[in-house]
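Novice: Chains as they are written, first to last, in my numbering: chain A, 1 to 349; chain B, 350 to 698; chain C, 699 to 1047; chain D, 1048 to 1396.
Any given hint might turn out to be false.
[As the list claims (entries may be wrong)] Listed next, the in silico DSS-like pairs over lysine-lysine satisfying Cα-Cα at most 25 Å (straight line): (1) A:307 - D:1235; (2) A:307 - D:1158; (3) A:111 - D:1235; (4) A:307 - D:1274; (5) B:537 - D:1354; (6) A:165 - A:188; (7) C:886 - B:656; (8) A:227 - D:1384; (9) B:656 - C:726; (10) D:1075 - C:1035; (11) C:1035 - B:656; (12) D:1384 - C:726; (13) C:1005 - B:576; (14) A:188 - A:82; (15) A:337 - B:377; (16) A:28 - B:686; (17) A:188 - C:886; (18) C:1005 - B:460.
[As the list claims (entries may be wrong)] A partial selection of chain B residues facing chain D, derived with a Cβ cut-off under 7 Å: (19) 532; (20) 540; (21) 542; (22) 545.
Quick caveat, the hints were computed from the structure, so don't treat them as lab data.
Note that the coordinates shown come from a computational prediction; the quantities given were computed from them, not determined experimentally.
Glycine residues also receive a C-beta, built at the ideal position from the N, C-alpha and C atoms.
4 protein chains.
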Amino acid sequence: MISVGIVGGTGYTGVELLRLLLQHPEVKVSILTSRTEAGKRIDQMFPNLRGYTDLEFSDLDIEQLKTCDVVFFATPHGVAMKHAQALTEAGTKVIDLAADFRLQDLAQFEKWYGMSHECPEILKSSVYGLSELNRDKIAQAEVVGNPGCYPTTVQLGLAPVLKSKTSLIDPTTIVVDAKSGVSGAGRKASLGMIYSENADSFKAYGVAGHRHHPEIVEALEQISGQKGVFDQLIFVPHLVPMIRGMLSTIYVDLTVEGQEADLQQLYETFYANEVFVDVMPANSLPETRSVRGANQLRIALYRPQPKKLVIVVVQDNLVKGAAGQAVQNMNIMFGFKEQLGLTGIALLP
Amino acid sequence: MISVGIVGGTGYTGVELLRLLLQHPEVKVSILTSRTEAGKRIDQMFPNLRGYTDLEFSDLDIEQLKTCDVVFFATPHGVAMKHAQALTEAGTKVIDLAADFRLQDLAQFEKWYGMSHECPEILKSSVYGLSELNRDKIAQAEVVGNPGCYPTTVQLGLAPVLKSKTSLIDPTTIVVDAKSGVSGAGRKASLGMIYSENADSFKAYGVAGHRHHPEIVEALEQISGQKGVFDQLIFVPHLVPMIRGMLSTIYVDLTVEGQEADLQQLYETFYANEVFVDVMPANSLPETRSVRGANQLRIALYRPQPKKLVIVVVQDNLVKGAAGQAVQNMNIMFGFKEQLGLTGIALLP
Amino acid sequence: MISVGIVGGTGYTGVELLRLLLQHPEVKVSILTSRTEAGKRIDQMFPNLRGYTDLEFSDLDIEQLKTCDVVFFATPHGVAMKHAQALTEAGTKVIDLAADFRLQDLAQFEKWYGMSHECPEILKSSVYGLSELNRDKIAQAEVVGNPGCYPTTVQLGLAPVLKSKTSLIDPTTIVVDAKSGVSGAGRKASLGMIYSENADSFKAYGVAGHRHHPEIVEALEQISGQKGVFDQLIFVPHLVPMIRGMLSTIYVDLTVEGQEADLQQLYETFYANEVFVDVMPANSLPETRSVRGANQLRIALYRPQPKKLVIVVVQDNLVKGAAGQAVQNMNIMFGFKEQLGLTGIALLP
Amino acid sequence: MISVGIVGGTGYTGVELLRLLLQHPEVKVSILTSRTEAGKRIDQMFPNLRGYTDLEFSDLDIEQLKTCDVVFFATPHGVAMKHAQALTEAGTKVIDLAADFRLQDLAQFEKWYGMSHECPEILKSSVYGLSELNRDKIAQAEVVGNPGCYPTTVQLGLAPVLKSKTSLIDPTTIVVDAKSGVSGAGRKASLGMIYSENADSFKAYGVAGHRHHPEIVEALEQISGQKGVFDQLIFVPHLVPMIRGMLSTIYVDLTVEGQEADLQQLYETFYANEVFVDVMPANSLPETRSVRGANQLRIALYRPQPKKLVIVVVQDNLVKGAAGQAVQNMNIMFGFKEQLGLTGIALLP
């Protein structure tokens, strides 16, 4: 049984963390902080939690947080990096669901998040929390930067071909056409996010540039060990009128070797032992609802033309794309069974 | 560990039963039948179950079903009553999620369901499975008729005033304005149910008469011990463009005693020990999403005028309104802790 | 051809007014004001208007507005009353889509809107713009208070029985269970209005009291000529996860005369000459999508019990419930054919 | 004033045709046929039409249809080709909204639609009804094959670069990631189309091959005058949980000339005189709701990388993607002003 703190429990990743952690057999959620809601019961804000917890929001008190075994930051970008040093010095592990520990390239961080990094040393020793790809390092980490939702789909969608010994794809040709439910934009009072602006409509956004682009590029370089070749990657996110769910359609040119390879087999083998990554049978059509509320990511492959590979990846942006992967990382960091507290079946319909 | 069979696993109550039972620590789902899909894996039809089960649909084989401890019928009306006798004689308990064991009045059954009852003797000894109100009988039952979704909200919404020793409401004045998500209509290829006929629109239906009306009347008579006074009950169901969720707004005139009573207190006391019924603080506004996927029913009370009581009840029609209550009844029937396998927190957002 | 000004064109009633007025053959929209967006083209904010207008938002300049024949206020409550006097003195007519000219009872106005009325004299001479019921007075009016959306459904739903010479209903028993799409709450950056808080969920709201309650009561008194008998009216609004559309289910006890009357015939006769009010055949089930985008209100009647009348009324809250009725009133005020610019067919699906 | 017949008025393109034609100043809809609903009033099936028409469905009577000036076929594939000869011989023009007159390649037609073509001679003389690109031929046509919805977005999205004198794009690199609302699948009682299977979820479909692929290829060959180079085009359609609306994201590699060209200017010039095609300012983000119910198609261009062009195209699949373009073609065929009856503004919100 470990003691857990959550900083910033008023957003969607916060309440999703609570949904998972309150049912986790090895966790006691001890502290829940909010800048704005101190003194309020969490179940007043999120009535789905009525009957499961008496927790109240408190002000962020670093001394109290130090008593936890691990602290999750479900905060805006820039908060975790203010507190990571104090916490790790006290032996408290940190899992940041924002972007403070995602990009190793400080210049990119400053460019895309508009702030200087406050603890570059800790950043250097932190681990990027894509559980399936960095499991060993996560197990040793004191600070984990939980990946962005879109980057999770792209990395797990491409890892099998990028990790292959022979060069199967042309890395300069990757196009990611990504689609997300609205909850990915968080829980903010913003005109662009209100119901009547989003329901029964569909649009692209962030075409001019999205913060997940540099994260994807850096991560693919890491996975493949190749620098520079992913700079031309195209990433166009779209907004779907649904609450949860993310689907990325990835297009990439195959090399001659790639055209001859049994890619379906390659993917199935690559993920054979992964409980949260599901390579579907050839020509399946994954739907986001097949992972609604579950820490699952499903992949399907197509070959509509001999030279092209199309990879479709689905996940719940709030679970495998955020809070679920964070709990998965916690399980790894504390030596728990990786699926502990994460075996809930997706809600369908 | 008990062995469970499910007859009719291709509908929404069927897949919801599976979602709950596959995670139930005392259950092994042994048999799953379908008239049309024998030989197909269930996770081909419902990909949310991929990784959780290898079950295949089989033809209904009564001898096989007799080897189960309990069989759930998630079938159209009229199926369970064909098999109940054979099963109970073999010592297999039956929980019917359709209407075969809801109405004790055979004439009403024939009128509303257009068929004669095939086992009136078993019907007589069967128990109406409103768990909170009939717990003791359910514990002894061989056959349980799981309540309709709307009737569950009306019964639990009115039970505290109907069970009160003093007469608090005028039973002749009850109006139930009920609203349901579309999944309540089941999983059928029907023109009226397609997406573009239901999305972004709202309507009343069944105003001329709905099968749940006689069920509600009979159940309220049972609860209150009063015959005849509920015949004038008005029940108007509406269809909400959402998948799951049900909200009933119940209007009733208060007697003089009722106007003077502390009804909020009465309700809180009545349900103080019920883990699945939540009486919210006065003037709360329950939302259906607060119970999405959870075996919870929440009640809020208002007194907009001195003489009127307004009761708002929400539940997930597929969980507390169907599959969840069925599992709750199973727990009661087999002496398990009532919340076993039913503690999942609602998915919000 | 008349010259029209719109004050406050950044909300949903504003853009809906523009959609209607830009296609109106006798209207030129000359001025469009906004406190916050002066200098911006309207079609930058609302791209559906691209190609239909070059209008830019300007600051509110009362002298400019005086050059218009009529000015619509699609503003928050309290704006129109500041300018009504100056405009009417200049011969410019005023149609307010907010509440400044809805309630004649000043105390009620202050109580519900939290402000004193700034032009009670003009209020007294203003006309309540329920087009079908007050047509003659509207034709003479200088200032029209456009009705609230919910009150429109209740008034048109009950007018035939209230205007009847014999007493057909018991006015003390009216229950209005109303349901609205989310656009009724306007276009505001508010946490409670964001997509993920409203989609795939249903709730009641305003149970403790809603501003449309006093408006309904005053209007029904006006229609029936009866004071005091509507004070016990119950009005419970609910929020539907759809953009546009409103459905009110009205429950009322019939008198003995009412039970014997041919109410279907009464309604059909009452509205026989109304182009925007459609009494549907007995037992019809009106859907909100049947009026999506159209200045139509449809009514259906049911008699589920001999003593009860159930009236279901649907409209598009932004059209017959707001901007459409405002244009209808403008047509009446300027002697145009009443359906001019309002004949668009509802968008279905 | 022309006399119009509609064959197959029970689907979504049929009711959308009616919405447009009943408001068209030069059209009288004389005949409306249905195999299954003869004798039923259309407004019983589609209550949005109540008050606009008394039309009843009749059986298909070819002699009656010959009395029309033009007959629209809003039928399944294979119906129009059975009647085209009889009608054109009688001087009645034909506009088919299905696929009978889209593909000139008979082998492709047979392959994708599973039937032989019944009037290949008429097919040869028929005109493909992409209004903006084939206007002159449409004006002379006796039979028009109205384009598929997806192909319309791809053709208008690519025409400016394909028609350019210098080669601006590499035609072998085109990827079309397309997204459609559910109404595009028609009005059919099919399990896959019901509300609870589609709401709050997103998926790809038809990845293995879609009938619009050969249509797109043939049309792009026609537009560009280049054979064979489009065979590798990738087309992946997705299903969006919304009723109407279609967005295609088109990715293509630029040639050296293309990288140096002012493509924004090129597109604006190309469509400068087109009333129904809107080239939005650089970096705009078109939403499908900006064209909901309107015969508009909007295009936006991006250059996320120097060598890549991304083109986003939106339309209402039932209007510019089907019924609206059909009416536009009718206007061209009969010498009416092209926007007659098609000037309705999109419904937003």
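Novice: Each of the hints needs a verdict: does it hold here or not?
Specialist: Hint check:
no. : hint            : verdict
1   : A:307 - D:1235  : 36 Å, violated
2   : A:307 - D:1158  : 23 Å, holds
3   : A:111 - D:1235  : 51 Å, violated
4   : A:307 - D:1274  : 20 Å, holds
5   : B:537 - D:1354  : 49 Å, violated
6   : A:165 - A:188   : 45 Å, violated
7   : C:886 - B:656   : 36 Å, violated
8   : A:227 - D:1384  : 58 Å, violated
9   : B:656 - C:726   : 52 Å, violated
10  : D:1075 - C:1035 : 23 Å, holds
11  : C:1035 - B:656  : 47 Å, violated
12  : D:1384 - C:726  : 23 Å, holds
13  : C:1005 - B:576  : 20 Å, holds
14  : A:188 - A:82    : 22 Å, holds
15  : A:337 - B:377   : 23 Å, holds
16  : A:28 - B:686    : 23 Å, holds
17  : A:188 - C:886   : 12 Å, holds
18  : C:1005 - B:460  : 23 Å, holds
19  : 532             : 4 Å, holds
20  : 540             : 4 Å, holds
21  : 542             : 5 Å, holds
22  : 545             : 4 Å, holds
In this structure, the earlier hints numbered 1, 3, 5, 6, 7, 8, 9 and 11 are contradicted, and the remaining ones agree with it.
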